[in-house]
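Visitor: Listed below are the residues making up each chain.
2 protein chains.
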Amino acid sequence: MISVIILGAGNVATHLFKAFNTSKEVSVIQWYNRNLETIKPYNNQVEITDSLETIKDADVYIFAVSDDVISELSSKLPFENKLVVHTSGSVSVYDLDKKHKRGVLYPLQTFSKDANIDFANVPICIETIDKKSYPLLKQVAQSLGSPTRRVNSDQRRVLHLAAVFVNNFTNQLYRVGHEITESEGAEFDMLKPLIMETAKKVQDMSPFKAQTGPAKRNDKKTIKKHLKLLKKQEHKNIYKLLTDSIQTTHGRKKL
Amino acid sequence: MISVIILGAGNVATHLFKAFNTSKEVSVIQWYNRNLETIKPYNNQVEITDSLETIKDADVYIFAVSDDVISELSSKLPFENKLVVHTSGSVSVYDLDKKHKRGVLYPLQTFSKDANIDFANVPICIETIDKKSYPLLKQVAQSLGSPTRRVNSDQRRVLHLAAVFVNNFTNQLYRVGHEITESEGAEFDMLKPLIMETAKKVQDMSPFKAQTGPAKRNDKKTIKKHLKLLKKQEHKNIYKLLTDSIQTTHGRKKL
Ligand SMILES: NC(=O)c1ccc[n+]([C@@H]2O[C@H](COP(=O)([O-])OP(=O)(O)OC[C@H]3O[C@@H](n4cnc5c(N)ncnc54)[C@H](OP(=O)(O)O)[C@@H]3O)[C@@H](O)[C@H]2O)c1
Ligand SMILES: NC(=O)c1ccc[n+]([C@@H]2O[C@H](COP(=O)([O-])OP(=O)(O)OC[C@H]3O[C@@H](n4cnc5c(N)ncnc54)[C@H](OP(=O)(O)O)[C@@H]3O)[C@@H](O)[C@H]2O)c1
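Going line by line, the protein sequences match chains A and B.
Residue 8 is where the first sequence starts when you use our numbering, and the numbers rise one by one after that.
Residue 8 is where the second sequence starts when you use our numbering, and the numbers rise one by one after that.
Possibly wrong hints are sitting among the right ones.
No copy is singled out in the list; a pair is fine if it fits within one copy or between any two copies.
Stated by the list, open to error - In silico DSS-like pairs for lysine-lysine, Cα to Cα no more than 30 Å straight-line: (1) 231 to 105; (2) 145 to 105; (3) 216 to 105; (4) 243 to 216; (5) 223 to 247; (6) 243 to 228; (7) 83 to 145; (8) 238 to 223; (9) 120 to 223; (10) 216 to 235; (11) 243 to 227; (12) 207 to 120; (13) 139 to 105; (14) 120 to 139; (15) 243 to 63; (16) 63 to 232; (17) 83 to 216; (18) 63 to 83.
If you're looking for bench data, these hints aren't it; they were derived computationally from the structure.
All figures in this text were calculated on a predicted structure; none of them were measured in a lab.
Work out the full structure: start from the sequences and follow the hints.
Guide: Quick look at the structure:
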């Protein structure tokens with residue numbers, strides 16, 4: 008049995024705790040948060056603490072805390088030479104205090120506390136500085152039922168950046184779709200199956216091959232109509248820039 | 008039994024034909040295409056023709072042809088006063104020749120010939136100029152197993168425009184994600200579960216509520232790192248514009 012201590016009690020920490028709790032290979036033996044109130048409801052399932060001084064001995068320490076405090080908090084642990092990892096996409100593994108064996112366990116997915124998550128759909132990027140810790144961390148990740156990949160800090164940073172495009176920016180395009188439809192008496196709900204289908208399509212086809220529509224066809228009449236139809240300058244700018252981008256990708260002339 | 012004749016043999020026409028073929032309320036009695044080769048394989052299932060002169064008598068005529076030729080082709084039909092509809096999101100119902108009873112049956116989904124489509128996931132927007140034709144057209148759409156909505160030409164245009172954002176532009180963001188990852192030795196495949204989850208999330212949460220990430224948090228350090236990491240000016244521009252857009256939506260200051 009691998010013993011794990013979780014530090015932090017936000018979106019990621021909470022989902023990790025719940026998932027480890029159903030795992031047979033990993034046992035969460037303690038849960039730290041600076042604010043005890045958040046983890047009190049789990050009091051009967053795990054030992055909880057708000058003091059770093061009382062942190063126990065364990066095989067792995069997982070810092071699922073805000074990016075900015077990873078470095079400082081890891082230096083406050085009152086011991087050394089244990090495997091200490093963080094869960095961030097953009098923080099370097101070297102940001103952890105060098106008195107520890109250091110690693111990263113980055114779950115490439117979007118977490119919110121109230122949305123259920125199936126860890127089978129959470130690819131986990133693993134990195135350790137010393138080779139010997141790698142198999143242990145991999146076992147921890149696999150115990151969640153997740154696919155795992157060895158990913159170095161450069162690749163992880165790039166994946167995190169790409170995630171911003173396919174997650175945050177895509178969600179903002181949904182938002183624009185929402186604004187446009189609702190302001191003109193149409194229903195955003197009508198677009199939901201299309202949103203799902205668009206995501207499904209690239210699961211086994213490249214986005215390049217999956218592209219369709221007026222920008223790719225260079226259908227100038229429709230593009231012009233659409234620009235006229237858009238009321239907000241912000242929406243026009245997004246329309247132009249992404250139409251341009253599609254046409255560059257597919258070798259058409261610029262607008 | 009409602010008799011239907013399909014005109015055109017592209018993505019939409021082909022899926023419509025196949026779906027009607029399994030319906031109990033609609034029978035496709037003839038299939039027209041200017042190029043007979045495309046529909047020859049269906050010769051044993053339906054009468055085919057490449058001549059508008061030989062078009063038979065039917066309850067509904069569905070033009071699933073390129074937007075630009077809908078008007079001209081509908082005027083070439085050698086009869087009048089029958090229900091004639093097109094399947095376009097952006098063409099007005101009045102573009103059909105006025106000698107016909109006119110309507111629109113717009114399937115709000117992305118079709119490619121080789122990808123299977125379940126019409127239960129295809130909301131169909133229906134419009135007719137004369138009220139009496141509406142129930143007939145609705146029955147035709149429902150026979151596909153699709154949810155249907157009465158949608159006028161203005162609303163349809165807006166839905167089509169919004170579809171460009173949530174489908175074509177979103178797909179281009181996937182493409183950028185693909186470019187960024189593959190050019191840096193990371194795997195696009197790792198992003199696929201996140202792409203699905205992002206689409207799933209807005210099925211029962213508004214895109215406004217679903218938003219997360221550095222732009223929404225106004226995490227300037229990460230935004231700066233990301234802009235530095237991006238090599239192509241085009242990608243930087245998209246990053247800036249959509250970060251701006253998210254911050255406008257969520258009431259943060261501009262970059
Ligand atoms: N959310 C995601 O989708 C996601 C996905 C992949 C990776 N990550 C990464 O996972 C990590 C955690 O993200 P999250 O979304 O779970 O964050 P979160 O929900 O905002 O939770 C942050 C946690 O950090 C704690 N914390 C903040 N400042 C602290 C300090 N000065 N001292 C001690 N604890 C402090 C908070 O304590 P309180 O409870 O007392 O406020 C909270 O428990 C981050 O590195 C993030 O980049 C997040
Ligand atoms: N694809 C989608 O995702 C989608 C979704 C919703 C609505 N729509 C709408 O559905 C309609 C058809 O789209 P599609 O994607 O199926 O198009 P498509 O695959 O490009 O097929 C176009 C069809 O129009 C025919 N055609 C073109 N020019 C013609 C002419 N001068 N005379 C006679 N026939 C001509 C073509 O004949 P040939 O076979 O001889 O070339 C072909 O059968 C359009 O109004 C489109 O806006 C499409």
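Visitor: Are the hints correct? Go through all of them and say.
Guide: Right, here's what the structure says about each hint:
1. 231 to 105: This pair counts as between: shortest inter-copy Cα distance 26 Å, intra-copy 58 Å.
2. 145 to 105: within (21 Å within a copy, 68 Å between copies)
3. 216 to 105: neither (46 Å within a copy, 39 Å between copies)
4. 243 to 216: both (26 Å within a copy, 23 Å between copies)
5. 223 to 247: So residue 223 and residue 247 pass the 30 Å test inside a copy (13 Å) and across (23 Å) alike.
6. 243 to 228: both (16 Å within a copy, 28 Å between copies)
7. 83 to 145: For residue 83 and residue 145, only the intra-copy Cα distance (25 Å) is at most 30 Å; the inter-copy one is 68 Å.
8. 238 to 223: both (23 Å within a copy, 24 Å between copies)
9. 120 to 223: between (39 Å within a copy, 17 Å between copies)
10. 216 to 235: both (29 Å within a copy, 29 Å between copies)
11. 243 to 227: For residue 243 and residue 227, both the intra-copy (15 Å) and inter-copy (25 Å) Cα distances are at most 30 Å.
12. 207 to 120: both (25 Å within a copy, 16 Å between copies)
13. 139 to 105: within (16 Å within a copy, 78 Å between copies)
14. 120 to 139: Neither: 33 Å inside a copy, 51 Å across copies.
15. 243 to 63: So residue 243 and residue 63 fail the 30 Å test inside a copy (56 Å) and across (45 Å) alike.
16. 63 to 232: Intra 65 Å, inter 36 Å, cutoff 30 Å: neither.
17. 83 to 216: Answer is neither: 51 Å inside a copy and 35 Å across each miss the 30 Å cutoff.
18. 63 to 83: within (14 Å within a copy, 83 Å between copies)
Against the hints set out earlier in the document, violations occur for numbers 3, 14, 15, 16, 17.
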